[in-house]
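**Student:** Read off the chains here:
2 protein chains.
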Amino acid sequence: MITSIGSEEQLIAFARALPAFSETHAGMARSRQAQLTKPPGSLGRLEEVAIWLCGWQAAERPKLDKVLTLLFAGNHGVAARGVSAYPSEVTAQMVANFENGGAAVNQLCKLAGSELRVTPLSLDKPTADFTTQPAMSMEEALEAFNAGFTAVTSADLLIIGEMGIGNTTPSAALACALAGGDIDQWVGRGTGVDEKGIRIKKDVVHAGITLHKAHCKTTLELLRRLGGREHAAMAGAIARARQMRIPVVLDGYVVTSAAATLTLTAPDFLAHCIAGHSSAEPGHIRLLKHLKMDPLLNLNMRLGEGSGALVAVSVVRAAVATHNGMATFAEASVTAA
Amino acid sequence: MITSIGSEEQLIAFARALPAFSETHAGMARSRQAQLTKPPGSLGRLEEVAIWLCGWQAAERPKLDKVLTLLFAGNHGVAARGVSAYPSEVTAQMVANFENGGAAVNQLCKLAGSELRVTPLSLDKPTADFTTQPAMSMEEALEAFNAGFTAVTSADLLIIGEMGIGNTTPSAALACALAGGDIDQWVGRGTGVDEKGIRIKKDVVHAGITLHKAHCKTTLELLRRLGGREHAAMAGAIARARQMRIPVVLDGYVVTSAAATLTLTAPDFLAHCIAGHSSAEPGHIRLLKHLKMDPLLNLNMRLGEGSGALVAVSVVRAAVATHNGMATFAEASVTAA
Numbered sequence: 001m002i003t004s005i006g007s008e009e010q011l012i013a014f015a016r017a018l019p020a021f022s023e024t025h026a027g028m029a030r031s032r033q034a035q036l037t038k039p040p041g042s043l044g045r046l047e048e049v050a051i052w053l054c055g056w057q058a059a060e061r062p063k064l065d066k067v068l069t070l071l072f073a074g075n076h077g078v079a080a081r082g083v084s085a086y087p088s089e090v091t092a093q094m095v096a097n098f099e100n101g102g103a104a105v106n107q108l109c110k111l112a113g114s115e116l117r118v119t120p121l122s123l124d125k126p127t128a129d130f131t132t133q134p135a136m137s138m139e140e141a142l143e144a145f146n147a148g149f150t151a152v153t154s155a156d157l158l159i160i161g162e163m164g165i166g167n168t169t170p171s172a173a174l175a176c177a178l179a180g181g182d183i184d185q186w187v188g189r190g191t192g193v194d195e196k197g198i199r200i201k202k203d204v205v206h207a208g209i210t211l212h213k214a215h216c217k218t219t220l221e222l223l224r225r226l227g228g229r230e231h232a233a234m235a236g237a238i239a240r241a242r243q244m245r246i247p248v249v250l251d252g253y254v255v256t257s258a259a260a261t262l263t264l265t266a267p268d269f270l271a272h273c274i275a276g277h278s279s280a281e282p283g284h285i286r287l288l289k290h291l292k293m294d295p296l297l298n299l300n301m302r303l304g305e306g307s308g309a310l311v312a313v314s315v316v317r318a319a320v321a322t323h324n325g326m327a328t329f330a331e332a333s334v335t336a337a
Numbered sequence: 001m002i003t004s005i006g007s008e009e010q011l012i013a014f015a016r017a018l019p020a021f022s023e024t025h026a027g028m029a030r031s032r033q034a035q036l037t038k039p040p041g042s043l044g045r046l047e048e049v050a051i052w053l054c055g056w057q058a059a060e061r062p063k064l065d066k067v068l069t070l071l072f073a074g075n076h077g078v079a080a081r082g083v084s085a086y087p088s089e090v091t092a093q094m095v096a097n098f099e100n101g102g103a104a105v106n107q108l109c110k111l112a113g114s115e116l117r118v119t120p121l122s123l124d125k126p127t128a129d130f131t132t133q134p135a136m137s138m139e140e141a142l143e144a145f146n147a148g149f150t151a152v153t154s155a156d157l158l159i160i161g162e163m164g165i166g167n168t169t170p171s172a173a174l175a176c177a178l179a180g181g182d183i184d185q186w187v188g189r190g191t192g193v194d195e196k197g198i199r200i201k202k203d204v205v206h207a208g209i210t211l212h213k214a215h216c217k218t219t220l221e222l223l224r225r226l227g228g229r230e231h232a233a234m235a236g237a238i239a240r241a242r243q244m245r246i247p248v249v250l251d252g253y254v255v256t257s258a259a260a261t262l263t264l265t266a267p268d269f270l271a272h273c274i275a276g277h278s279s280a281e282p283g284h285i286r287l288l289k290h291l292k293m294d295p296l297l298n299l300n301m302r303l304g305e306g307s308g309a310l311v312a313v314s315v316v317r318a319a320v321a322t323h324n325g326m327a328t329f330a331e332a333s334v335t336a337a
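Which chain is which? The protein sequence lines are A and B, in order. Just so you know, the working numbering puts 199 at position 199 of the first sequence, and the rest follows in order with no gaps. Just so you know, the working numbering puts 315 at position 315 of the second sequence, and the rest follows in order with no gaps.
In isolation and in its complexed conformation, chain A is listed as follows:
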């Protein structure tokens, strides 16, 4: 089993060898759903989620004994342009907050029964400003990608989260480079910038797209030119999870933009991923549509840290609890339709 990625070519070879959804196990799950004491289909998305888990876990019954949340933090050259309501030092301050248990992600991990591991990525060394040059060298991008790749350990479900002041700006650039369309429509308020901040964000994304778009045909090239270290790391973790057959719950705009870069390598690279929620960022909803992903939740959240995905874990837990715990019509002596 490959344990790191050294080049774009190696990533392409890696993608060709990825495991597929197990139709056999999904079929077993569907057959069980049809026998449980409820009208067929009446648990809606809970049924779909149970079947999706069985197919990726290649298991007759889904399990969620080990839920792992990986949170990656990075700093961004474009932050100096004034694209965020917060200064860059907040990234490291929030990492300390994660370590002390005081952030939203800590409370939500506890509730979701998830382990939390935080990986700060060279916070004292922001990426370059992508309006004038690529955000990272290929070497830096691979280092970050592999930091994510190697962070994944055996789990039944993986949650991907992030923190990085300014990181909705590279996310908008990644999404726009991938899905095209009007640049401005990919730019939202992030943590809550004012009108001036929005204008700057749009200018920055325009400049980045103009400079790099022609060169963004492959995953790692796109990540290194317009992404941040946390984007590269998240893409690496999501790639590794697919290799290990670990189903993934994506969080908001930033996570989804990172995940989406993998579709340049293989259009179905994200088949093992589910969108945990749709965030309040309009670009996120557009990107989910582009990826044909139907989010589990829509709670108007826009915090990042994996927070929306972690709330969605309770939907996944509900899917597993009903699938595994319910009696069949025969067991309960209930008349079927």
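Hints are not guaranteed to be accurate.
Repeated chains share a single entry, so a pair holds when one copy, or any two copies, can fit it.
Pairs of lysine-lysine residues, derived as DSS-like cross-links and limited to a Cα-Cα distance of at most 30 Å, are as follows [as the list claims (entries may be wrong)]:
| no. | residue 1 | residue 2 |
| --- | --- | --- |
| 1 | K125 | K196 |
| 2 | K110 | K63 |
| 3 | K110 | K66 |
| 4 | K217 | K292 |
These are computed hints drawn from the structure, not numbers from a lab.
Position chain B relative to chain A; hints supplied.
**Tutor:** For chain B alone, kept in the frame of chain A given last:
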């Protein structure tokens, strides 16, 4: 404190004395939300839910130590008309399934940390067929209403669920009598009836509305003419919860139609209620719009039993966990915007 309702007049007097949302405690909750280590508003509906809980619990911090699910079951005269894919005996079979722990609601209560109490309401005595006469006498309706009213005991959050073969038909009739409009649009597939079943359901609701509409100006009169025993009991439980300042999570179409009858007594009767989810029944979505309720979840569920509301409890738990557990900017030494 009134411990039962003896007449329509008494219900009106009861409604006049209902406690109001505590703006003082909601204000405290808003102020705390503004200090937590996250961009203001970034937890979206989680913030709203925390504030809503504080206002109804009249507490500085919301709590969810005791979550109670009350499930009411009834049988229906109209079931004999062929409005359901299942025979009426399934109601009692499912009550046995609840008691044996084999149903969806059992698994979801366990997951939500909720106690479950099931109240079967004269299952061997279905209501009358409302196409020819009122479904219940006023005495029967009051008995069912008070069964719900007295079932509520001290709790931090109340979930209302139901079971009753054929009960989306009276629910459609109740919703139509309350909100008006094209009768057919209130009728959906329920547990999954075929085209013929849908035609029968529509005919039955048309007949019920034609016969009773002019007399359905008050809560109990509406419930007794077009509702089932479980509808009356749920209305009673929701009324009692308001008196006891217990916030309520509503489930799907059947529960919402029962709750909605209380708005005939007082337009803001349901201020302590939140819609847990929007179900796959098109009438439910219409009814939520009529009530100006924005559901927490949309998972295409249509099982009843309180199942959608119980999945939504995890959103409420996430709201409480973040509100109570997160550090403030000052506590975590994080720079505020």
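**Student:** All hints, please: hold or fail.
**Tutor:** Right, here's what the structure says about each hint:
{"no.": "1", "hint": "K125 to K196", "verdict": "within (26 Å within a copy, 68 Å between copies)"}
{"no.": "2", "hint": "K110 to K63", "verdict": "both (18 Å within a copy, 16 Å between copies)"}
{"no.": "3", "hint": "K110 to K66", "verdict": "both (13 Å within a copy, 19 Å between copies)"}
{"no.": "4", "hint": "K217 to K292", "verdict": "within (20 Å within a copy, 47 Å between copies)"}
Taken one by one, the earlier hints all hold for this structure without exception.
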